[in-house]
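Following the hints, position chain D against chain F.
For reference, the chains in residue letters:
Protein chains: 2
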Amino acid sequence: MWEGLQPELAAVATGSHIDAIPYSGKYDGVVGVLGAIEAINVLKRSGFKPKRSLEVILFTSEEPTRFGISCLGSRLLAGSEALANALKTTVDGQNISFFDAARSAGYANDQDDLSSVFLKKGTYSAFVELHIEQGPILEEEGISIGIVTAIAAPASIRVEFEGNGGHAGAVLMPKRNDAGLAAAELALAVERHVLESGSIDSVGTVGILELHPGAINSIPSKSHIEIDTRDIDEERRNIIIEKIRQSANTIAINRGVRLSEFKIINQDPPALSEKSIIEAMEASSKELNLTHKLMISRAYHDSLFMARVSPMGMIFIPCYKGYSHKPEEFSSVDDISNGVKVLALTLAKLSLE
Amino acid sequence: MWEGLQPELAAVATGSHIDAIPYSGKYDGVVGVLGAIEAINVLKRSGFKPKRSLEVILFTSEEPTRFGISCLGSRLLAGSEALANALKTTVDGQNISFFDAARSAGYANDQDDLSSVFLKKGTYSAFVELHIEQGPILEEEGISIGIVTAIAAPASIRVEFEGNGGHAGAVLMPKRNDAGLAAAELALAVERHVLESGSIDSVGTVGILELHPGAINSIPSKSHIEIDTRDIDEERRNIIIEKIRQSANTIAINRGVRLSEFKIINQDPPALSEKSIIEAMEASSKELNLTHKLMISRAYHDSLFMARVSPMGMIFIPCYKGYSHKPEEFSSVDDISNGVKVLALTLAKLSLE
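Protein sequences, first through last, are from chains F and D. If you want the numbering used here, it's the 1-based position in the first sequence plus 827. If you want the numbering used here, it's the 1-based position in the second sequence plus 827.
Everything labelled a hint here was simulated from the structure, so no lab data went into it. None of the values given here were measured: they were computed from a predicted structure. Ideal placement from N, C-alpha and C gives every residue a C-beta, glycine not left out.
The calculated SDA-like cross-link candidates involving lysine to any residue, where the alpha carbons are at most 20 Å apart (straight line), are:
no.	chain 1	residue 1	chain 2	residue 2
1	D	Lys947	D	Pro1138
2	D	Lys1153	F	Leu999
3	D	Lys1002	F	Leu1015
4	F	Lys948	F	Arg1135
5	F	Lys1153	D	Leu999
6	F	Lys948	F	Lys1102
7	D	Lys1002	D	Glu989
8	F	Lys1148	D	Pro1001
9	F	Lys1002	D	Lys1148
Simulated restraints, written as ranges between beta carbons of each label pair:
no.	chain 1	residue 1	chain 2	residue 2	range
10	F	Asn912	D	Asn922	39 to 47 Å
11	D	Gly1083	F	Glu1088	26 to 34 Å
12	F	Ser873	D	Asn922	51 to 59 Å
13	D	Lys915	F	Asn922	33 to 41 Å
One chain only, chain F, in its complex shape (with noise of 0.2 Å):
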């Protein structure tokens, strides 16, 4: 925290994650993060005085892949009671409870009660975060800055097939009910009704599909898949996961398969940048002549659970070819510079006002 000229105001914050998902590359939040402290190392070397404070914050668990939801962190700051009373029981794939690893990280305090985190609304004035697009879009169009006017709406579902399993030889097919391939089925019946959405914004993935027990000679008796959504219109996006729910019924049926698990893990809102940071955002590109265009993310962030708690803005940087989340993610020193800038300038705005 940089103590402004009138600490009594809301203060600015702004900032972004440090963890990563498995095989990531190393972008993806550490840009926003390093970018957040290097934005304030700059605007003290200029001399200037900001009047509202200015605050860095390092999000962590941004990513679903260890304890299965995302975004932990800006969930808690913005208050989520749900996942609060949820992480009492949860445990990662080694079965090391949330309380634990966050202890053995230096971070849990002695009650376990997270609500001591949630954020008051006004706590911030504005919180802006740097982010690598995590699309070609800034790339292909030769732009330098990316002024996010809104974040699409994200949902993740857990689905779980239950069979007889068996020999792979000595079972005939008409005898099988064969929960790999009724999560087969299922991971195709996503894609099609997302492409049936008729939309470019609506998106959906399969990322992980376990067979049990897992051998070639054994008929799988469970699977498990895991399913992401989005779309920048909430409803739509809706009325796909409702059509995922009734694929998932019909092919149980038509299987003869046990459906033992469809649990919708998070569906969240799409969030809108506040007006007032998107014009600091685009005066700033201006005054340091960076070509610079408005869009949607359709990636999400933790700035679409701070936007539950304070006006909230991002600023984007182009990533090589778009690729994120895999270890041929890249941003040129070129493009973290431009986005340090836009965001020192935007912080300073907004600390003045």
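Just chain D, lined up with the frame of chain F:
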């Protein structure tokens, strides 16, 4: 080895395997090993004197789950040069070499020369294996003993697809080449091609389907599937394999993914039981007043490979609901006892021939 009165004659051998797949039952294999030992004990207690020597064989690595290929013991005894060479560079999922694993179990010899275990044809005058049916027929029909006349021809295939992966939110549907959906399509194509054969004896299974990186918010950039297909008709099974290959190619083209591997791990012919051994098993069942029926083994066994170097026969006993390769696998003490009696009497007859 129990030396017979004429040890210069080819011996009669019996046995089965002691290994199991993950999350398996405890009867598959083990019944034929303990049953073989008990059958010899029964003959000794009865005062029987064998003419040909009697031998018990304990196979290991019958299941393909550790090193990716089944029946390592019996394939090597049967003289598979190709396997002996392949095992020089084979590792398990933890990157432990076959030879290190064998040594740590006390098996491998110093020079790593597996050809020393190849059996000469004529070493055994007969090989007889006792095994649970792993199918529901004997239990459903209330029959005590199954006499196997042939073992279906097995094959296994390993397939990998590769796409570009990417972020599940940011990469729009038309830009995707999802390796996971390619695998899902191929799994369903395997089922379709098997059903197209029109024969109840054709089976096909995808027991392994793995996605990389395996994160809910990441489009699969790689998928790995393993396919098992079997038939009592070798030609019909080979047609199914060819159709699977064509589907894998077509799916790769349609989805813009790369078919980076399509490897047939094994593609074995069926095996026929020896007429004289079938007759000895039938006669033994009759003398013991046990109901019996001639049947085909759809699962395969070490006997499939022993048949390459020895006349072969198999005795099946009922198992609960035909369950196998899962914890519910069960055969009653009475059924096991019946199988051991038929095995003992069959060995006695064969040792006197």
